[in-house]
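Just need the whole structure built from these sequences, with the hints factored in.
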Amino acid sequence: MAEEHLDDVYRYLLYMTANPHLAEDLAAETFERALRRWRRFDPRRGAARTWLCQLARGAALDHFRADRRRRRREGVYASDIPETDEPVFGEGLSPDLDRAVRSLSAAEREVVVLRVVLELDGETTAKVLGIRPTAVSTRLSRALQKLEERMVSDVRG
Amino acid sequence: MSEASFETVLSQLRDAAPPAPERLRDQVRTLQPAQSRIRAWLRPALVAALIVTLSVGTLAALVSGPDKARREQSSARAFRPQIPAPERQTDRATHGGVAPTLTAKSRLQRQDVAMSLRVHDLSGATQSAVRTTRRLGGFVAGADYATSSNEGNSRLAVRIPVANLQKAIASFTQLGTILSQHISVTDLQTGLDRLDARIATARRAGHHRTVKRLARRRDALVREGTFARVSLQLTTAKPAAKHVVPGRFDRFLDSSGDILGKEVIAVLYALVVAGPFLLIAALLLFAERTRRRRADHRLLEETG
Numbered sequence: 001m002a003e004e005h006l007d008d009v010y011r012y013l014l015y016m017t018a019n020p021h022l023a024e025d026l027a028a029e030t031f032e033r034a035l036r037r038w039r040r041f042d043p044r045r046g047a048a049r050t051w052l053c054q055l056a057r058g059a060a061l062d063h064f065r066a067d068r069r070r071r072r073r074e075g076v077y078a079s080d081i082p083e084t085d086e087p088v089f090g091e092g093l094s095p096d097l098d099r100a101v102r103s104l105s106a107a108e109r110e111v112v113v114l115r116v117v118l119e120l121d122g123e124t125t126a127k128v129l130g131i132r133p134t135a136v137s138t139r140l141s142r143a144l145q146k147l148e149e150r151m152v153s154d155v156r157g
Numbered sequence: 001m002s003e004a005s006f007e008t009v010l011s012q013l014r015d016a017a018p019p020a021p022e023r024l025r026d027q028v029r030t031l032q033p034a035q036s037r038i039r040a041w042l043r044p045a046l047v048a049a050l051i052v053t054l055s056v057g058t059l060a061a062l063v064s065g066p067d068k069a070r071r072e073q074s075s076a077r078a079f080r081p082q083i084p085a086p087e088r089q090t091d092r093a094t095h096g097g098v099a100p101t102l103t104a105k106s107r108l109q110r111q112d113v114a115m116s117l118r119v120h121d122l123s124g125a126t127q128s129a130v131r132t133t134r135r136l137g138g139f140v141a142g143a144d145y146a147t148s149s150n151e152g153n154s155r156l157a158v159r160i161p162v163a164n165l166q167k168a169i170a171s172f173t174q175l176g177t178i179l180s181q182h183i184s185v186t187d188l189q190t191g192l193d194r195l196d197a198r199i200a201t202a203r204r205a206g207h208h209r210t211v212k213r214l215a216r217r218r219d220a221l222v223r224e225g226t227f228a229r230v231s232l233q234l235t236t237a238k239p240a241a242k243h244v245v246p247g248r249f250d251r252f253l254d255s256s257g258d259i260l261g262k263e264v265i266a267v268l269y270a271l272v273v274a275g276p277f278l279l280i281a282a283l284l285l286f287a288e289r290t291r292r293r294r295a296d297h298r299l300l301e302e303t304g
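Chains U and A supply the protein sequences, listed in that same order. The working numbering applies: residue 1 is where the first sequence begins, and numbers increase by one. The working numbering applies: residue 1 is where the second sequence begins, and numbers increase by one.
Hints may contain errors.
Unchecked claim - Straight-line distance between alpha carbons at most 25 Å, and here's what the computed SDA-like set of lysine to any residue pairs gives:
{"hint": "1", "chain 1": "U", "residue 1": "Lys127", "chain 2": "A", "residue 2": "Leu195"}
{"hint": "2", "chain 1": "U", "residue 1": "Lys127", "chain 2": "U", "residue 2": "Arg71"}
{"hint": "3", "chain 1": "U", "residue 1": "Lys146", "chain 2": "A", "residue 2": "Val52"}
{"hint": "4", "chain 1": "U", "residue 1": "Lys127", "chain 2": "A", "residue 2": "Glu288"}
Claimed, not checked - Here are some chain U residues the structure puts well away from chain A; computed CB gaps all over 10 Å:
{"hint": "5", "residue": "Arg45"}
{"hint": "6", "residue": "Arg99"}
{"hint": "7", "residue": "Ser137"}
No lab work stands behind these hints: they were computed from the structure. What you are looking at is a predicted structure, and each value in this text was computed from that prediction instead of being measured. A virtual CB, placed ideally from N, CA and C, is assigned to each residue, including glycine.
Quick look at the structure:
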């Protein structure tokens, strides 16, 4: 199961964090959690991919919370996302598109990766995010609109 | 940007999404399922706890079953008329003999007997009781006879010479089934001796009027000791349904039902008491989850 869904989990975390190294760490953490909590998994409540995405989300949120506390404690307000020209979201992606995706918030990238990249349906995405399917549609629509605007402004710029 | 070109962008996102690095793949392959120490013993412990609970419940039901039956039997006894010791002795007489002799023939005693009998023929039994009384040298001091569509009652107050009292009781017991019997004996000899002493003193002192007055009292006392008062109550009323001692299985079912009923009451009580707190806890939990979800979303919104 780990082999089967590893790519999806990694992609999800890559979009969440916009950081390949962090995504790697969090993916490993996710699968450790999955092995610890394997007995709790109930296939009747959802597919394994959905459950793993929920675990990955939890791992990412834990990291973000810890990171925010650390930054507050250290008085650092800058983001840790490395400013690089290398494509983060895939080798074949145009730099403009990669930059546009990176400019989105984690919340926006999250819904994009779930609905567009992983091609989860609205209901499953809603289950992962813990919201209603209509809210998923709204979030996705706003995220894509923003992505489009960023790309248009990049092209014009 | 046109819709078609944006679709191309989304396809590009989908196609360009990188696979997990080999390093991560190797790392995940090496992960072993962690055997939780808690989980290893939790399931057997739960099963053991369930078995113990069921065993204790069954045992309690079995133990409380015979106890309850005993309590029911004792309570049944308690509902029987509370009769004094002499009456219990005569109760035995119901099944095959006459009431025991409680009197001392050398002393003057007043004897009171109260009998209650269930008879089939009220009229015949009443007449028979009257005839027996007269035959034994007694007389009827009072009678009360009443019948209705369902049942009839007859009450006789008779006086029987103490010498024939045992014969009278034996005859009366033949009239029907004894429901209750009460015999009381009061010693009059002390009072008689005292009166005799006073009469002798008055006679010696020449107080004739006092002697006469005391002599009348003495005669009355002797009469009281000569005739026993018998109160006879005859009835045709059916007895109450006989108390049936339930069988072992019935007792077990009964006890189990009792225990389950008590458990249901306890659960309902706990729900009624804890209900508002549970509701508040559920609301707090719901509010906390909503707050956490919003906080998470805010955190992701703030995260670039």
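Hints and how they fare:
1. The straight-line distance between the Cα atoms of Lys127(U) and Leu195(A) is roughly 109 Å, outside the 25 Å bound, and the hint therefore fails.
2. Our distance criterion of 25 Å between C-alpha atoms is broken by Lys127(U) and Arg71(U), whose separation comes to about 30 Å.
3. The straight-line distance between the Cα atoms of Lys146(U) and Val52(A) is roughly 63 Å, outside the 25 Å bound, and the hint therefore fails.
4. For the hint pairing Lys127(U) with Glu288(A), the CA-to-CA distance comes to about 18 Å; that is within 25 Å, so the pair holds.
5. Non-interface status of Arg45(U) relative to chain A is upheld: no Cβ of that chain comes within 10 Å, the nearest being about 17 Å off.
6. At roughly 12 Å, the least C-beta separation between Arg99(U) and chain A is larger than 10 Å, which holds for a residue marked as non-interface.
7. No Cβ of chain A comes within 10 Å of the Cβ of Ser137(U); the nearest lies about 15 Å off, and the non-interface call holds.
The structure is inconsistent with the numbered hints 1, 2, 3, although it conforms to all the rest.
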